[in-house]
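2 protein chains.
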Amino acid sequence: MPTLREIGEIEAVSRLRAARLETPGVVVGPGDDAAVLRPPAAAELVATTDVLVEGRHYRSDWIQAAALGERLVAANLSDLAAMAARPLWALVSIGARSEHDIEDLLRLQAGIARALEAHDAAVVGGNLAAVEGAEWFALTLLGEVEPGCAWTRSGARPGDLIAVSGAPGRAGAAVRLLQALGIAEVAQTAPELLLAWSSPADRIELAGALSRAGGVTAAIDISDGMAGDLAQLCEASGVGAELDERAWPADAALALAAERLDVALDDLRFGPSDDYELLLAVDPASRDACGRAAADLGVPLAVVGRFTEAPGVLAWRTREGALAALPGRGYDHFGSA
Amino acid sequence: MPTLREIGEIEAVSRLRAARLETPGVVVGPGDDAAVLRPPAAAELVATTDVLVEGRHYRSDWIQAAALGERLVAANLSDLAAMAARPLWALVSIGARSEHDIEDLLRLQAGIARALEAHDAAVVGGNLAAVEGAEWFALTLLGEVEPGCAWTRSGARPGDLIAVSGAPGRAGAAVRLLQALGIAEVAQTAPELLLAWSSPADRIELAGALSRAGGVTAAIDISDGMAGDLAQLCEASGVGAELDERAWPADAALALAAERLDVALDDLRFGPSDDYELLLAVDPASRDACGRAAADLGVPLAVVGRFTEAPGVLAWRTREGALAALPGRGYDHFGSA
Numbered sequence: 000m001p002t003l004r005e006i007g008e009i010e011a012v013s014r015l016r017a018a019r020l021e022t023p024g025v026v027v028g029p030g031d032d033a034a035v036l037r038p039p040a041a042a043e044l045v046a047t048t049d050v051l052v053e054g055r056h057y058r059s060d061w062i063q064a065a066a067l068g069e070r071l072v073a074a075n076l077s078d079l080a081a082m083a084a085r086p087l088w089a090l091v092s093i094g095a096r097s098e099h100d101i102e103d104l105l106r107l108q109a110g111i112a113r114a115l116e117a118h119d120a121a122v123v124g125g126n127l128a129a130v131e132g133a134e135w136f137a138l139t140l141l142g143e144v145e146p147g148c149a150w151t152r153s154g155a156r157p158g159d160l161i162a163v164s165g166a167p168g169r170a171g172a173a174v175r176l177l178q179a180l181g182i183a184e185v186a187q188t189a190p191e192l193l194l195a196w197s198s199p200a201d202r203i204e205l206a207g208a209l210s211r212a213g214g215v216t217a218a219i220d221i222s223d224g225m226a227g228d229l230a231q232l233c234e235a236s237g238v239g240a241e242l243d244e245r246a247w248p249a250d251a252a253l254a255l256a257a258e259r260l261d262v263a264l265d266d267l268r269f270g271p272s273d274d275y276e277l278l279l280a281v282d283p284a285s286r287d288a289c290g291r292a293a294a295d296l297g298v299p300l301a302v303v304g305r306f307t308e309a310p311g312v313l314a315w316r317t318r319e320g321a322l323a324a325l326p327g328r329g330y331d332h333f334g335s336a
Numbered sequence: 000m001p002t003l004r005e006i007g008e009i010e011a012v013s014r015l016r017a018a019r020l021e022t023p024g025v026v027v028g029p030g031d032d033a034a035v036l037r038p039p040a041a042a043e044l045v046a047t048t049d050v051l052v053e054g055r056h057y058r059s060d061w062i063q064a065a066a067l068g069e070r071l072v073a074a075n076l077s078d079l080a081a082m083a084a085r086p087l088w089a090l091v092s093i094g095a096r097s098e099h100d101i102e103d104l105l106r107l108q109a110g111i112a113r114a115l116e117a118h119d120a121a122v123v124g125g126n127l128a129a130v131e132g133a134e135w136f137a138l139t140l141l142g143e144v145e146p147g148c149a150w151t152r153s154g155a156r157p158g159d160l161i162a163v164s165g166a167p168g169r170a171g172a173a174v175r176l177l178q179a180l181g182i183a184e185v186a187q188t189a190p191e192l193l194l195a196w197s198s199p200a201d202r203i204e205l206a207g208a209l210s211r212a213g214g215v216t217a218a219i220d221i222s223d224g225m226a227g228d229l230a231q232l233c234e235a236s237g238v239g240a241e242l243d244e245r246a247w248p249a250d251a252a253l254a255l256a257a258e259r260l261d262v263a264l265d266d267l268r269f270g271p272s273d274d275y276e277l278l279l280a281v282d283p284a285s286r287d288a289c290g291r292a293a294a295d296l297g298v299p300l301a302v303v304g305r306f307t308e309a310p311g312v313l314a315w316r317t318r319e320g321a322l323a324a325l326p327g328r329g330y331d332h333f334g335s336a
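Residue numbers (numbering that gives the first Met the number 0), protein chains in the order written: chain A, 0 to 336; chain B, 0 to 336.
One should not assume that every hint holds.
Have a look at the derived ranges for each label pair, beta carbon to beta carbon [claimed, not checked]:
(1) A:98 <-> B:60: 23 to 29 Å
(2) B:234 <-> A:296: 43 to 49 Å
(3) B:190 <-> A:116: 29 to 35 Å
(4) A:234 <-> B:117: 31 to 37 Å
(5) B:296 <-> A:182: 35 to 41 Å
(6) B:294 <-> A:63: 52 to 58 Å
(7) B:23 <-> A:116: 48 to 54 Å
(8) A:211 <-> B:294: 53 to 59 Å
(9) A:288 <-> B:23: 58 to 64 Å
(10) A:291 <-> B:13: 33 to 39 Å
(11) A:60 <-> B:258: 50 to 56 Å
Calculated directly from the structure, the hints in this document are not laboratory data. Computed from a predicted structure; not experimentally measured. For glycine and all other residues, C-beta sits at the position ideal for the given N, C-alpha and C.
Let's have the full structure, built from the sequences with the hints guiding it.
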C-alpha cells in the first residue's frame, strides 16, 4: 500500500487516470495539458463545481473512499439536476497529504467514475496537489440541457406549489448523530439516516422526467437545508413561501433522531442539511403530471406548500392551523449566520 | 475590513460575484445552482483545472491578492495555450479561513477577472468553502479551439525542432531565492525573476499565431520545469530530445541567481520551475514561419534542439560539444522523485 510520497506525483497521476473508459464526445482525454471535448449539437452547456473538505464536510472514519467519491459526484449532480441538465464530463482536483495511500485514492477515483458512468459521463481531466493539513476533493461537472430548458431559481410565482423530493433533513440529522455518537453507533441505530448522508439519491432522472412533464417554474437543490435553500429560491424569485405541516411527509427515522439529539423535529426538517434533494416551484395545473412522473420513477415527491406574494416571508402552518415563522436556517460554513 | 466569519457565507458569495461583467455565451451566470453556457458554433471545447495551495505554491507575503488571482488564471491559461485554445469561461473554487478578510478575497477575485477579461472570458460560477489550515484557490477553465486544431503532447517526430518561449527557469529561480532570502531582498535584487514568477506572461496570443502559422507538431506548457515537461512530451510522443547549449538563450539574471544560490546554472535552467512558457515541437520546414509569428508579437521563441529517435533519452550537448544527460528534473509535489 504505497503512499503518494513513495510513488511520486507523476506515477500517482498516471495511476489515477489509468482506468478511464471511452466516453462520448471526448477528443483528447486525461493526460494532456487539457481535455478536448466535442459539445453536443443543439444543446446548452451547464457547469458547476463543488468540494468536500476533510473535517468540514466529512471525516475519514465516517465514510469509505469509494463512497466519498460517489458523494462528491452527487454534490455536483444535484446542481445539474436543479437545472434539469444531464452530466457529460468532469474534472477532479485533489489536495492530498503525502502519506495518503494511493490505493485509497484509487478507490475514491473509482467511486467518482462509477457515479458518473451511471450517466455515460466520465472524468476527462484533473489535478493532484500536495497538502499538509486537511485534504479536499473538488469536482467541476459539465452537462447539457436543451436550449432554453434550464430551470433557474428565479421563476417561482405566487400561487405555484412547493414540491420537494425524498426525505429532506436526513443528511443533516446523520451528521449531527455522527458528531454526537460516532460512526459505529450511528451505523447500527440509524442506518437509513447514515445512508441518506453517505450515499444520497441521484435526482438527474427525476429532473429529466419533470422537465418533460412540464410546469416546473423554478428549482434549487437542497444543499444547505430546506429553510436556507427555500429562502434563496424565494429571494431569487421575489416571492414568499408558506409550508403546511399537514402536507409534510412523516419521517419516523427523523423523529427518532430528534429525540436522541434532544432537538426540535423542525430543526432537523428545515435546518442545515445537504440532502441533494430537489426543491421545486410547480404550476398548480401541472401538479398531477409532475406527480405521475415522479411516481413512475418510484421517487417520493411531496407538495408541501405554496409560494406567496410576500417577498422573503417564510411561513409555516402548523398541524393545529397556527401560522409561524419557518424554523431552521441554512448552514453557514463560516459560522456567522 | 470584515472577515468571512463576520459577514457569513451567503453574503461573502454574493459580494464575490457582484462585479461580474456580461460575457459572450453566458445564458445563466453566477448565482444559480449552475451556469448555463452557449457553446461556440463549430468549435471544440477545451477544459483544464489547476490550483494554488498556500505554503506549497505561494506564501501570502510573497504575492498580493490580485496578483495571486492573476497567477491562478495564468496557470490555467498556460494549459489552454499548450492546446492552441482560447479561454471562454472559468469556475473558481476557494478554500479560505474564516478570518480571511473579504476585501482581500475581492482583490483576488478582481485579479482573476482582469486576467480573464483580457480574452473576453469571465468567471461564470464557483464555490466558497471554509478551511482551517492552508488555503487554496482552484480554477477550472473552459476554452475553445477549431475542430481538429488542438495541439497535443503526442505528435513530436524525430527531427522536429525543440522551441521554447520566453526565459524558462526564472520562476523556479525566483521561488528558490524567495525561500532563501525573503521577499524584500528578492524584490530589490532580482525584480525580473520575481516578476517572472508573480506575473507570468500569457501565451494565448502566441499559441494562436503559431497555430495559424502551422508546423507545430506537439506542445506542452512548462509548469514542472524544462527537463520534467520535456520528458513528458517525449514520453507521449515516443521520441527523445537533444538540447544544444549554444542555442540556449543567455540569461544574465538566471546566471546571477545561480551564483547567489550556489547551484549550477543548469539546475535553474532545467529544474523545477512553473514558468507557464510553451515548449513546442516544430516541423523544420515551418521554422521561419513560426519565428516570424513570434517576432511579430515581440515574444522570444528560441530553437534549442531537436527531437531524436531514442525514446525517453534526454541529451544535452554542451558548449564544448560533449554530449551528456540533461540535468535538472521536474518538481514532484509529493517529494519522492
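Hints and how they fare:
no., hint, in the structure
1, A:98 <-> B:60: 23 to 29 Å, "holds (28 Å)"
2, B:234 <-> A:296: 43 to 49 Å, "holds (47 Å)"
3, B:190 <-> A:116: 29 to 35 Å, "violated (51 Å)"
4, A:234 <-> B:117: 31 to 37 Å, "holds (33 Å)"
5, B:296 <-> A:182: 35 to 41 Å, "violated (58 Å)"
6, B:294 <-> A:63: 52 to 58 Å, "holds (57 Å)"
7, B:23 <-> A:116: 48 to 54 Å, "violated (33 Å)"
8, A:211 <-> B:294: 53 to 59 Å, "holds (57 Å)"
9, A:288 <-> B:23: 58 to 64 Å, "violated (36 Å)"
10, A:291 <-> B:13: 33 to 39 Å, "holds (38 Å)"
11, A:60 <-> B:258: 50 to 56 Å, "holds (52 Å)"
Checked against the numbered hints given earlier, the structure breaks hints 3, 5, 7 and 9 and satisfies all the rest.
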